[in-house]
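Asks: Produce the entire structure from the sequences given, and follow the hints as far as they go.
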Amino acid sequence: MASKPEKRVASSVFITLAPPRRDVAVAEEVRQAVCEARRGRPWEAPAPMKTPEAGLAGRPSPWTTPGRAAATVPAAPM
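Heads up, the sequence shown is in the UniProt record's numbering, so the first residue is 1 and it goes up one at a time.
Quick caveat, the hints were computed from the structure, so don't treat them as lab data.
One should not assume that every hint holds.
With beta-carbon atoms standing in for the labels, derived distance ranges [as the list claims (entries may be wrong)]:
#, residue 1, residue 2, range
1, 34, 12, 27 to 35 angstroms
2, 30, 7, 38 to 46 angstroms
3, 30, 6, 40 to 48 angstroms
4, 5, 35, 53 to 61 angstroms
5, 30, 8, 34 to 42 angstroms
6, 33, 12, 24 to 32 angstroms
7, 36, 16, 26 to 34 angstroms
Owing to the predicted nature of the structure, the values given are computational and were not obtained by experimental measurement.
A virtual CB, placed ideally from N, CA and C, is assigned to each residue, including glycine.
Replies: Structure below.
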């Protein structure tokens, strides 16, 4: 008795165990590529680059008015 041929399904899922490369060398390569791409378009201003160290340390919150601290909750009477 002839058996049916075996069906095989190929998977295109690749699992990587290495974390993504985010070192300085990769950032420099990207920055250089952006600069080279923008040289041909002098009418555009260069986009500001944000460094990972900068974070939100010196940035005021858009939800508070300038010169005014966030509202404090009054203490409950005892």
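Asks: Determine for every hint whether it applies to the structure shown.
Replies: Taking the hints in turn, this is what the structure says about them:
no., hint, verdict
1, 34 to 12: 27 to 35 angstroms, "31 angstroms, holds"
2, 30 to 7: 38 to 46 angstroms, "44 angstroms, holds"
3, 30 to 6: 40 to 48 angstroms, "46 angstroms, holds"
4, 5 to 35: 53 to 61 angstroms, "56 angstroms, holds"
5, 30 to 8: 34 to 42 angstroms, "40 angstroms, holds"
6, 33 to 12: 24 to 32 angstroms, "28 angstroms, holds"
7, 36 to 16: 26 to 34 angstroms, "29 angstroms, holds"
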